[in-house]
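Protein chains: 6
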Amino acid sequence: MKTYVNEIKENENVDSLFLVKEKFSGITKTGNTYLKLKLGDRTGEMEGRIWTSAEVFSESFEKDDFVHVKGKMTSFQEHLQLNVSHIERVGEEAILLSDFFPMTEKDIEGMFQSLIETSQQVKNPHLCQLLQLFWEDEAFVKRFKMVPASKWVHHAFLGGLLEHTLSLSQLVLKNANHYVGLNLDLLLTASILHDLGKVDELLYTRSFNYSDEGQLLGHIILGIERVEDKIRQLIDFPRDLSTLLKHLLISHHGQYIWGSPKKPMTLEAVMLHYLDDMDAKITGIQQFLRTQVSEGSKWSAYHRAFEQFFYASTAVDLPEIPEKSDKNGLKEE
Amino acid sequence: MKTYVNEIKENENVDSLFLVKEKFSGITKTGNTYLKLKLGDRTGEMEGRIWTSAEVFSESFEKDDFVHVKGKMTSFQEHLQLNVSHIERVGEEAILLSDFFPMTEKDIEGMFQSLIETSQQVKNPHLCQLLQLFWEDEAFVKRFKMVPASKWVHHAFLGGLLEHTLSLSQLVLKNANHYVGLNLDLLLTASILHDLGKVDELLYTRSFNYSDEGQLLGHIILGIERVEDKIRQLIDFPRDLSTLLKHLLISHHGQYIWGSPKKPMTLEAVMLHYLDDMDAKITGIQQFLRTQVSEGSKWSAYHRAFEQFFYASTAVDLPEIPEKSDKNGLKEE
Amino acid sequence: MKTYVNEIKENENVDSLFLVKEKFSGITKTGNTYLKLKLGDRTGEMEGRIWTSAEVFSESFEKDDFVHVKGKMTSFQEHLQLNVSHIERVGEEAILLSDFFPMTEKDIEGMFQSLIETSQQVKNPHLCQLLQLFWEDEAFVKRFKMVPASKWVHHAFLGGLLEHTLSLSQLVLKNANHYVGLNLDLLLTASILHDLGKVDELLYTRSFNYSDEGQLLGHIILGIERVEDKIRQLIDFPRDLSTLLKHLLISHHGQYIWGSPKKPMTLEAVMLHYLDDMDAKITGIQQFLRTQVSEGSKWSAYHRAFEQFFYASTAVDLPEIPEKSDKNGLKEE
Amino acid sequence: MKTYVNEIKENENVDSLFLVKEKFSGITKTGNTYLKLKLGDRTGEMEGRIWTSAEVFSESFEKDDFVHVKGKMTSFQEHLQLNVSHIERVGEEAILLSDFFPMTEKDIEGMFQSLIETSQQVKNPHLCQLLQLFWEDEAFVKRFKMVPASKWVHHAFLGGLLEHTLSLSQLVLKNANHYVGLNLDLLLTASILHDLGKVDELLYTRSFNYSDEGQLLGHIILGIERVEDKIRQLIDFPRDLSTLLKHLLISHHGQYIWGSPKKPMTLEAVMLHYLDDMDAKITGIQQFLRTQVSEGSKWSAYHRAFEQFFYASTAVDLPEIPEKSDKNGLKEE
Amino acid sequence: MKTYVNEIKENENVDSLFLVKEKFSGITKTGNTYLKLKLGDRTGEMEGRIWTSAEVFSESFEKDDFVHVKGKMTSFQEHLQLNVSHIERVGEEAILLSDFFPMTEKDIEGMFQSLIETSQQVKNPHLCQLLQLFWEDEAFVKRFKMVPASKWVHHAFLGGLLEHTLSLSQLVLKNANHYVGLNLDLLLTASILHDLGKVDELLYTRSFNYSDEGQLLGHIILGIERVEDKIRQLIDFPRDLSTLLKHLLISHHGQYIWGSPKKPMTLEAVMLHYLDDMDAKITGIQQFLRTQVSEGSKWSAYHRAFEQFFYASTAVDLPEIPEKSDKNGLKEE
Amino acid sequence: MKTYVNEIKENENVDSLFLVKEKFSGITKTGNTYLKLKLGDRTGEMEGRIWTSAEVFSESFEKDDFVHVKGKMTSFQEHLQLNVSHIERVGEEAILLSDFFPMTEKDIEGMFQSLIETSQQVKNPHLCQLLQLFWEDEAFVKRFKMVPASKWVHHAFLGGLLEHTLSLSQLVLKNANHYVGLNLDLLLTASILHDLGKVDELLYTRSFNYSDEGQLLGHIILGIERVEDKIRQLIDFPRDLSTLLKHLLISHHGQYIWGSPKKPMTLEAVMLHYLDDMDAKITGIQQFLRTQVSEGSKWSAYHRAFEQFFYASTAVDLPEIPEKSDKNGLKEE
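Protein chains in written order, with this note's numbering: chain V, 1 to 333; chain C, 1001 to 1333; chain H, 2001 to 2333; chain E, 3001 to 3333; chain G, 4001 to 4333; chain P, 5001 to 5333.
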């Protein structure tokens, strides 16, 4: 069973799995080689030292490997340090990603099931088939369930893309029929596919970061390529429909300045942009408020991306009306 | 019964009510005074001339008066011109505003009833009382039901503010519970009151235009004053609640550059801004598409406020899947 | 042989090909149907009228058709008007596009040959094969040779894309080796392919305009799809190389605000952006100066896209040094 | 011979020249005055202490002086510290600036000779004479050869202005004849003179910094004054030519926001701006990539002025085509 | 005596001076040459025709000449047209510029005298001498008294620069001593010289327009050159003082985006910018209100440069307090 | 009498009042509770420790309390630390705010008296009564005299709002009559009331910070509410006058982007904005120069709000003219 970094106390023996975040070798005053490590998991990081057989151990693992570590937590000059007696590399299959990175608090399989069901509300057979092709693509689905929705702004946790996608598709269901003349099939399909390029844009098995092609091309281009790849496998997918769908995907950021090469030009594209942006902002702020509000304060820290503070006082607990007021609340003048 | 400008044909006799949009006096070659008028209603404008007793008639009405006109439509140098034989000023109570200005296609009383019902979902007694005070203010309610939501961008018709307000409150009901921790009472109340300053900002009984105080102060300031005026009449309205509510009202434009003196700082304020903006944009674009798309074109004219074109092809009629495709739609390769 | 609109004089008989730019039917005072046409070619537009057999002729052609017209130029109320006695639709193959739209002054086949030769300087076999696939795609090449580079800003004439592409590839050859460490193969290939999506973005056989998918997706997305389509046909095209190439294509506008979803992140992408922008600006200004400078003025009209005036005085003719100056030109003080 | 800071090891004796970067005096626990110094050269900085005769030595040198130092490198609480036994001020003529500041890797005299030769391609006699006056101005030439092109953005090393100027003039030679109608003489002269005001704007003999007049007036104004000063010495320099030349100099930043009081209005000014900007960006990025890419990373640090990351992987080494592909590289489908 | 365009009535004989604003020659139906003119003065423009001896007259004057015209005002198709019987060119010395262009309503010599007196408050001898040199430069003073301060934004009339300069120097006198530590001499001198480059930037003897060097260099650069030219004539003008003064001149627009190559960096430069901008805005708005407010309206037309409307109702006439209020004005509650 | 933090030396006994800026409790190695404090006043902060009876003392005061402290200054590991032997909470009435926060150097009562006198120059009886109501509101006046004008940008000291308000009203008196047609009464009243919402926006009795309603609503909204509250108490205050006055208050920031919901639309509003901005900038820069210029430097630190450096060299001491110049200062050429 996993022992978490933030649980280990001085003098405890440790026998668990960690991620090697840094690895340097040094020479002791007596001329021996030692290894200086930073070991981490979801809960934090700790210093580690290998004083014995350092050269042998050093060849068996690298930075960014997951490792099985045995050792004892010691205190050196007021800092805790894990004295490592044994270390060996383990494969990715041996670990649980959720031990190492923040993860959605919701059930991934449950969310995925809900998304499949939502996608089944799409009536247009071409769009149905397109979605179906994605659900049958196992490699895609595996990554789609785990990838975060962003590096740190919103849904920055394992399962984040799935959570955001499900949320957006549900918002679409709630809002599309509020207006006459919007095409629900197009909106639903686009809401499900809008960020799928993040499957290629983001890396999440060592840290949350951009892949090279994510950085150089971005999830809009990468997503269009995945969609185009599936459409090519379908018979007679109408070119007009493909163009309209892709337009929603490439315009969902809403403005050139936010990386969309086209502004929304159809009513569906306009709605998708607003709901996507609202979902990202609200959940992003909620995540920020959970971590960036000091004890006892009603105000968050300064949010550098939004260039403002947020008011954290829970509006839910609005003050009750006092008993002394008369029944209609009017002042007696 | 009203005879509309766009129905009057050459040689027809006219006996109906119109609005005087322009009024100039001139001198004929024979030295007589004549009046040159522009008369209008909801459907357009027409030229009018008073050749007889012009000086007498001239004293009895002014530009921007509603008038009862008798005359005959004549043709002069290929243009139609109403030869006016009798004209007299009528009071505002004699006309139907909807004969003269575009009007919501929905039922005003029905919408108002729905809004009242929506407002009754507010549980917090202070907010209930506040809303109640507005509904009991007859002068306010009368204007609130008729004023357009803007001069031309969105909901630019009689009843527009009511239609937009009802729409926004319904969007709030659909979206507020999508997230945990948003205060529905605050959101509902703010959605109902968010644009109420437009009651003072806009004039609509002669043309849709800004009042002087609308131009100089704007509906955010004017709305805050109306809200403050009601709150002052209530016993023990909590200062915190008042501050939170006003924050939603003043920040609902979302950005300084759009005239909000504060950016949204609470989750409720963020949601209100997005839903308000989405409703204004979508209905504004719908209105634009209805009038600014040439026959046979799939594209609107250039929208100067949004600096773009819109695609008008009704996405609703997506192409059907052809019969010849096999059951799963995959190409046979 | 083509008779051009700007050559036709009053009372001349006309027998030539034109493009129908507008077509309306009307009723004469005597109750007969007539047709009101606007007929055009590269040199201008003229009014046309069909007074006889209008209903019969009307069924045989539509707006935007090319037509063979016989008639006589007449004068009506100081305006010239073509009195059409015969009109019939002709196919696109019967006309020369250059009779109807502005065309490059350079030789299209010669430019294309130069571009092929330039592309042969690419050494990397993958990139060679990719370019080769495009050159073998006859439908593509046919459009690539004719499409303008833009609707009106720069190279807005038939053959414009080819002319701009050749110019850019030559600029790349001149500048790439000025710095150490830039990859010429990548730069050359990207310069040749950078705007190829314009083949799909722009229509040029009736007027210079955007296609629906051009408007909704834009040439960057459309170009990426064409490139991806070719790469898919190649064995083992390296993913890294594909990513780097696509990065140059999508970032060549240089800024989000100019429609690039990524900013240039490699040295090659930075250079491509500058040279492309310089070529577009300089040739765009040259085109503007040719048409937008009043007789006798040294200044152009106001350029609305660049928000400035340009100085048109030909700097080439700098003043000669006067004979009276001494040999080193210094003042004698 | 110079001993460099980054070469000195514990317990070594030092006898070399350094620049005094900081100088503070303190009191030891025993009540004696000591001096705390920061001494530097091109390779870094080190701490220094004078424990003996501190008051006497203190009077003989100041911060920003070059000094001859004798002493021994010691270790105190894990930090190295030079124990200074002797120190005395030396004049600027005693040192080599390149020992103290980064310097171009190219040969200054060689570059200057190339620039002279380039300037000799100018045919217009007025412009020739103008350039000649600059080359004959020894005080100017001395600074022109050494001054960096900027404080830190690009060419931020001794000889940087010369290197950038030569590079730009060569780019002009390569690109000017690509278009018809650009005046090479004007372009060449402006490229050579465009940044000459930096001779007055930047200080480089103590640190790279702005002079007071550099900060208050900037190199565009200072450059114009130097050019005007030379033109005044010439007979009959045409006013038109002077205006056109100055226009290129003041508009070369391209936009108001980048400090140009006029935007480029002639074709020559447009080209000069693009080539200057391209040269500054590409060499600036190259310099950034050399220092701001972590070991093993393909990505640079975040560039704050350009607000982005750069991709550092050398594109030169594109992947070779694998042997197994068939001769035309097409997939066998 | 001048007969003004807006005073001439049908059938009147005209014998006065005008400016030729347009001049075209045509051929009458009978094959004779005639001239079509547009003649103007300060009060407007009128059409003119020369039917007789047109070819002879045509050689004696050109567009932009002042001419002595004899003729008779006739009416043709409801438009007035001057039938010219005689026309001949007159020199500039024969006319009063104020007959042809709007002119300050203040006394030019009186304003100039006030400015001289204001300049005599400068105590610093270097600055005194500098100002003195300008006042002794007759060619400069002649233009300085007449040139408008801008083409149309503010003080766009003859004498406008002088009026604005005097106004600014008086504002400086009123505000400089409001704060401790601002140098009045520097502020006064800079206020007097801040826009002097407009003497070269603007043409005003045919229409208000930019000179070529005005357009290409702008009044900031042109002004610096005039100041530098004078300073060069003075002995020992301190370099520091010159730098500080020029800094005020080049930074007085306040922002890069408004064409200043440096932002104000001294307290004097900050104040000069604010007062200059305030004077230009207030007088510009006053001028706009005088011409751009419709009869009976309280609102100006839309001001395109400032992107807003202005409220024209004269605030001076604030409502008087009614008699019925009690002495302290409090409501009796 | 107050002992100030920056005066206390090692080994001194302390018996004075301080503000508790931080308060944490810890456990000594021997298992006893101790308190770790940060104590401050206007002159700085110091560390404090309570080793004895810590738990008892801890209950008697909190962070942000003013306390009476007895103890002795000791040195621990080169840092000074106050060893507290006694501590107890005191009420706000026991302290002088000016002992704890920076305060205007001017006399508060004197400034207030000047402001009253200035306000008496207002002739319009409605505006007089309005001002009078504010002066009679003791709670308002008390805060108005003490509140700073901002948290840190300008007038960030006790009495700052009063000082800024008085300064602005005096600037109005100096500048209003410089132009014809500005209403002095309106300008004076608005200058006095323009920032009064800061009385509610800022907290200053523990640190300079925003109140919750200050952050959520801002001083423009809060000020309008206070003005409206007073106007409501007056008989027959004209609605037009109220609208004009409020327009000046809400537009005084000048631009949307600076938080004004309306841009200045009257001449008075334009002037008020310029003078207010000038006063804030100049006094803000003066305050910045006093603290942010290094010894011996002529340049300030980088000002992050204004994004520039300021030149600090006192321009007052301009160089004197040297004796050797001849009487008119001209060079002898």
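Among the clues, some could well be false.
Claimed, not checked - Below 27 Å or equal to it, Euclidean Cα-Cα: the simulated DSSO-like pairs (lysine-lysine) are:
id : chain 1 : residue 1 : chain 2 : residue 2
1  : P       : Lys5002   : P       : Lys5072
2  : C       : Lys1298   : H       : Lys2023
3  : H       : Lys2021   : H       : Lys2142
4  : H       : Lys2106   : E       : Lys3281
5  : H       : Lys2029   : C       : Lys1072
6  : P       : Lys5151   : P       : Lys5123
7  : C       : Lys1263   : P       : Lys5038
8  : G       : Lys4070   : E       : Lys3263
9  : H       : Lys2263   : E       : Lys3072
Derived by calculation from the structure, the hints in this document are not laboratory data.
Okay, the hints, checked on the actual structure:
| no. | hint | result |
| --- | --- | --- |
| 1 | P:Lys5002 <-> P:Lys5072 | 15 Å, holds |
| 2 | C:Lys1298 <-> H:Lys2023 | 19 Å, holds |
| 3 | H:Lys2021 <-> H:Lys2142 | 25 Å, holds |
| 4 | H:Lys2106 <-> E:Lys3281 | 34 Å, violated |
| 5 | H:Lys2029 <-> C:Lys1072 | 23 Å, holds |
| 6 | P:Lys5151 <-> P:Lys5123 | 34 Å, violated |
| 7 | C:Lys1263 <-> P:Lys5038 | 35 Å, violated |
| 8 | G:Lys4070 <-> E:Lys3263 | 46 Å, violated |
| 9 | H:Lys2263 <-> E:Lys3072 | 51 Å, violated |
Hint compliance for this structure: hints 4, 6, 7, 8 and 9 are broken, all remaining hints hold.
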